[in-house]
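With the sequences and hints as input, model every part of the structure.
For the record, the sequence lines run as chains U and Y. Heads up: the first sequence begins at 1 in this note's numbering, then just goes up one per residue. Heads up: the second sequence begins at 1001 in this note's numbering, then just goes up one per residue.
Treat the hints as calculated values from the structure; they're not laboratory data. Predicted, not measured: the structure shown is a model, and the values here were computed from it. Every residue, glycine too, gets a C-beta built ideally from N, C-alpha and C. Hints are not guaranteed to be accurate.
As the list claims (entries may be wrong) - Just so you have them, the derived chain Y footprint on chain U, three or more residues with Cβ under 8 Å:
hint, stretch
1, 38-50
2, 465-477
3, 492-499
Said to hold, decoys possible - Covered by chain U, per the in silico footprint, the following chain Y stretches (three or more residues, Cβ under 8 Å):
hint, stretch
4, 1041-1055
5, 1392-1401
6, 1488-1495
There are 2 protein chains.
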Amino acid sequence: MARNENSAALKIIPLGGLHEIGKNTCVFEYEDEIILLDAGLAFPTDGMHGVNIVLPDMNYVRENRHKIKGMIVTHGHEDHIGGIAFHLKQFEIPVIYGPRLAMAMLEGKLEEAGVRDRTELRSVVPRDVVRIGKNFLVEYIRNTHSIADSFTVAIHTPIGIVIHTGDFKFDHTPVDGERFDIQRLAEHGEKGVLCLLSDSTNSELPGFTPSERSVYPNLDRVISQAKGRLFITTFASSVHRINMILELAQKHNRVVSVVGRSMLNLIAHARNLGYIKCPDNLLQPLNAIRNLPPESVLILTTGSQGEPMSAMTRIANKEHQHIKIREGDTVVFSANPIPGNTIAVVNTIDKLMMQGANVVYGRDKGIHVSGHGCQEDQKLMLALTRPKFFVPFHGEHRMLVKHSQTAQSMGVPPENMVILNNGDVIELTQQSIRVIGKVASGLELVDTSGSGMVSAKVLQERQKMAEEGLVTVAAAIGWEGKLLAKPEIHLRGVVTSIEKPLLQKWVQQRIEEILSVRWTEFAESFD
Amino acid sequence: MARNENSAALKIIPLGGLHEIGKNTCVFEYEDEIILLDAGLAFPTDGMHGVNIVLPDMNYVRENRHKIKGMIVTHGHEDHIGGIAFHLKQFEIPVIYGPRLAMAMLEGKLEEAGVRDRTELRSVVPRDVVRIGKNFLVEYIRNTHSIADSFTVAIHTPIGIVIHTGDFKFDHTPVDGERFDIQRLAEHGEKGVLCLLSDSTNSELPGFTPSERSVYPNLDRVISQAKGRLFITTFASSVHRINMILELAQKHNRVVSVVGRSMLNLIAHARNLGYIKCPDNLLQPLNAIRNLPPESVLILTTGSQGEPMSAMTRIANKEHQHIKIREGDTVVFSANPIPGNTIAVVNTIDKLMMQGANVVYGRDKGIHVSGHGCQEDQKLMLALTRPKFFVPFHGEHRMLVKHSQTAQSMGVPPENMVILNNGDVIELTQQSIRVIGKVASGLELVDTSGSGMVSAKVLQERQKMAEEGLVTVAAAIGWEGKLLAKPEIHLRGVVTSIEKPLLQKWVQQRIEEILSVRWTEFAESFD
Ligand SMILES: [Zn+2]
Ligand SMILES: [Zn+2]
Ligand SMILES: [Zn+2]
Ligand SMILES: [Zn+2]
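Laid out in structure tokens, this is it:
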């Protein structure tokens, strides 16, 4: 089909990552080619009984699998790479490009899921430009975020340059010294950016997000004041935070034991690639530190969000095999609870305190900063890239609205931006941006068994049983329409003040009533 | 039993209200007399499937019901009076004293529950002193809180004066002009207070809680900027807030429709008693405002916490019979989400925005303040009353710990305070305070049906069915140990990729296997 290149349209279809934090998954489609940008997962919310993992509805991609030319990964957070192993069971992706740390973590996931052979993983470094299909040229631009090795991407398409920020804040004093490649952004801004898709997570918050480094003196003070054993919990993926904690451990002469599979895993990959640097003997297994004096020990754990199976939660619940809280321990929460986790976190803190720990937590301590930029970071991104069209991304509806208001305040006309729903199909041309349709955009709920999908019907049944319980009646009825034995009644999760024998009598009476009235009719229908 | 009065001990037993916000219920016991102070309810948390209301374990009170001389109510919030109607079904309370507004609300609850005849309700006014039993003289001291007509109580006992703050903040410019009776507190402080039990809700927050009146100019601005219809949602019990909103409605020439049963109920009582003042024609039913111009309408609703059945939630879900959001509506959330409700609230906000509403929310707007004092309020309470012994109350563990640290910073020795768990029995004498034992302190979970109690076993069964679903197999087996028909299999809430006929075949094979091996043995055991 011969067409004037400049008049064709680029379709952008976010399948997840809007209207909720998590499961970021986006389709870019030009003529007969699709590239995917990230494929994350989310965790179940209230009422998703027995659900382990939440994925976006991938029907559109499955139906168009023959168009897929490759995937771009921006960074190694679960909400950006956690879905890939599941999707590869259903369709192949010829090639996945991404930062070294993300690729190392992804490789492990794919091997575990047995789908390592269904794609090709290729690592990129800053300013790498990769061609995917005929229509896409993707340039990796280093950014700063809470995980190391994170990128903004400039996607060169036949109709112009589309910049997807990935997750970012402007951290001018990054812990690893890897600076945001502002120069490349500015250069694109100078030459002309057709469209900017930008991280909206903190668009409700004024000001700049402080540098990760601002946490250092506060953690330093907290650690220096700890008298006994020291526990610190943070996000398993916070490479920079972990780096600082390891540095501070050395400074204060504490050896470090890491507890929690995901954190051990990340640290191994990050050390391999040089993103975490520390002497080998700083890190020790738990049994090696058991007999050290308490003031020489730092235990770094997962569970900063009160996740039910995480190390810190099990410690607080006195369910951890090897670790028990003692009077005089200090426990530091170097993370803020994500909304929805607040109750779990404060319950964990209460339990730790009741066991004698001194717990250091709370926003006023300065021991956590976000990895996402606030309004001023978002303005700086807009100022650097000067996009013609703008799409707020990665956030819930009200965050997208706020972000669009910020962009308006900088002169982007309202008709040059769209507020999206998951599944919306954006048509972007050199002249206009608009939503032209919608693809399936529900959820795919992966069962705790890891194999099956939880359907809406199954969820409803579970919800109903959870709220009311279930009564089962087993009645053996002979061909002559008489009960052969007393009916067996089982109550599970049922609240009643009626005694079992009475209940049994009632059920039996009712069955006999029905049999006497309806049996002939029923038996006839059987012939 | 003849004893030196001064050497006997007062027992204080908090049955609820510690380690969680809600269900405040406290026992004061001296020799053979018990008085109760408040009896609230809490709402179910995650995993309490099919639970409507949470009450403290009342076994201790039920067992000692013959000792009960009466109850003191401090104010009309649900976490202080919501449990009374339930308890009266199980034991009588000779007399309940409380503020007029709380008593009016309580009377309605008791009538509804059919237990109005099981107690006597007596209203009190500031500085009233009531005698309960031989040993207790209770003085009502006006305080300031988010609901009108709220009290601190000074309980005169044979061993000295115990002050229970109730819920409070120091609001020196109260909306209703009813000032905190600081003079009485100071006088007690001068004469000597044996023990202070004080509200710990905001003990983690530095500074003073701002006056309720500080909300006025901000609400004024928000209301004056609203172009179309105006919705405001706040706590149904926030009498002062509602008063201000009604005043501002008059100022801006809007008539008010109140939507939500609990708020209508409170406004009726509060207007009756003069705590809410407004002209009759300001309040109009929904159908009377339907045809008014949008800028003449203010709809005041419940649902500020995203409660599933509340008016605002149903409006956001497009499930409200009479109200639909239109482009240009303004919706104001004059309340902050309580932890645990955050997700429900932000989901509601998102849905309202998607329907075209301009939603005003968030801490930075100055349109909500807490009804509980922060650290400086708590210090002022300690400074006024100068107690010998101190017990932080009404808060979760870490809040109690913080509050005790605040008291320590003011010179209360650590051995003169206790950090309590629900069910702890405090022994207070003129010389000492200590925990001497523990009574049953679990939860009583009232089923959604309103009648039965949900036991731990029932909850476990519900949880298990919610997570995994349930498979039932009905098999009719004859006396000769053969299946009389194919077994019937039903799956509810089960995730499986196995086809039903295959599953049926497997189950049948397994039953036949077991029958062939074990039937004889089983049949013999039956004889
Ligand atoms: Zn992200
Ligand atoms: Zn991220
Ligand atoms: Zn309260
Ligand atoms: Zn209250």
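Are at least 3 residues of the stretch 1488-1495 of chain Y within less than 8 Å of chain U when you compare beta carbons?
It holds: at least three residues are needed, and the stretch 1488-1495 of chain Y offers 4 whose Cβ sits within less than 8 Å of chain U.
Can you confirm whether chain Y covers the stretch 38-50 of chain U, using C-beta to C-beta distances below 8 Å and requiring at least three such residues? Holds, because 4 residues of the stretch 38-50 of chain U bring their Cβ atoms closer than 8 Å to Cβ atoms of chain Y.
message = When I compare C-beta atoms, does the stretch 1392-1401 of chain Y have three or more residues closer than 8 Å to chain U?
response = holds (count 4)
>> Taking beta carbons only, do three or more residues of the stretch 492-499 of chain U come closer than 8 Å to chain Y?
In response: The restraint on the stretch 492-499 of chain U holds, since 6 of its residues have a Cβ under 8 Å from chain Y and three suffice.
*Do three or more residues of the stretch 1041-1055 of chain Y come closer than 8 Å to chain U, measuring C-beta to C-beta?*
holds (count 4)
Confirm or reject the coverage of the stretch 465-477 of chain U by chain Y under the rule of 3 or more residues with a beta carbon closer than 8 Å to the chain's beta carbons. As far as the stretch 465-477 of chain U goes, the hint holds, because 9 residues have Cβ atoms under 8 Å from chain Y.
Hint compliance for this structure: every hint is met.
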